[in-house]
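Number of protein chains: 2
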Amino acid sequence: MNVRVKVTIALKEGMLDPEARAIQQALANLGFGTERLSSARLFYITLEASSTKEAEQKVRQMCERLLANPVIHRYAIEVEG
Amino acid sequence: MNVRVKVTIALKEGMLDPEARAIQQALANLGFGTERLSSARLFYITLEASSTKEAEQKVRQMCERLLANPVIHRYAIEVEG
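Just so you know, the protein sequences line up as chains C and A, in that order. The numbering used here applies: residue 1 is where the first sequence begins, and numbers increase by one. The numbering used here applies: residue 1 is where the second sequence begins, and numbers increase by one.
By construction, these hints were calculated from the structure, which means they are not laboratory data. Don't take every hint at face value.
Repeated chains share a single entry, so a pair holds when one copy, or any two copies, can fit it.
DMTMM-like cross-link-like pairs, simulated, lysine to aspartate or glutamate; straight-line CA separation at most 25 Å [said to hold, decoys possible]:
#	residue 1	residue 2
1	53	35
2	6	17
3	53	80
4	6	35
5	12	35
6	53	64
None of the values given here were measured: they were computed from a predicted structure.
Hey, can you work out the whole structure from these sequences and the hints?
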């Protein structure tokens, strides 16, 4: 069956995020003050698997091997069915 | 008050996403077949506003003026309180 999985990948707590700081500064230059700004990436993956559990395991491996850098990123996997 | 807003920015339906295709290909090269793969960006913004409605309006302007390209992106704003 086809399973749709949503993966959120973000920098671990405490990691510097220069891109987010640059965006925050650019917003400030346009007159938009912000207290905090952080960013993350989302992937929606549809894959063939025999169960949602198998789909989750496959996507976890994709995260470990390609999508995320486990040293600096944390990721969350949600099976959407 | 401080309001936390989550912004999801993705390419509009039908736009080509060469980055997603490259990731899908790289996953395939590692043995991970996928039926579909699409990506999006997430921003978590905390800002000062007098109401959640005002916060949403401000973030909508941020999207229109900086965060998204309205020609190619669609965005969703969720006020998290």
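Inset, instruction - Find the hints from earlier in the document that the structure breaks and name them by number, from lowest to highest. - result: none
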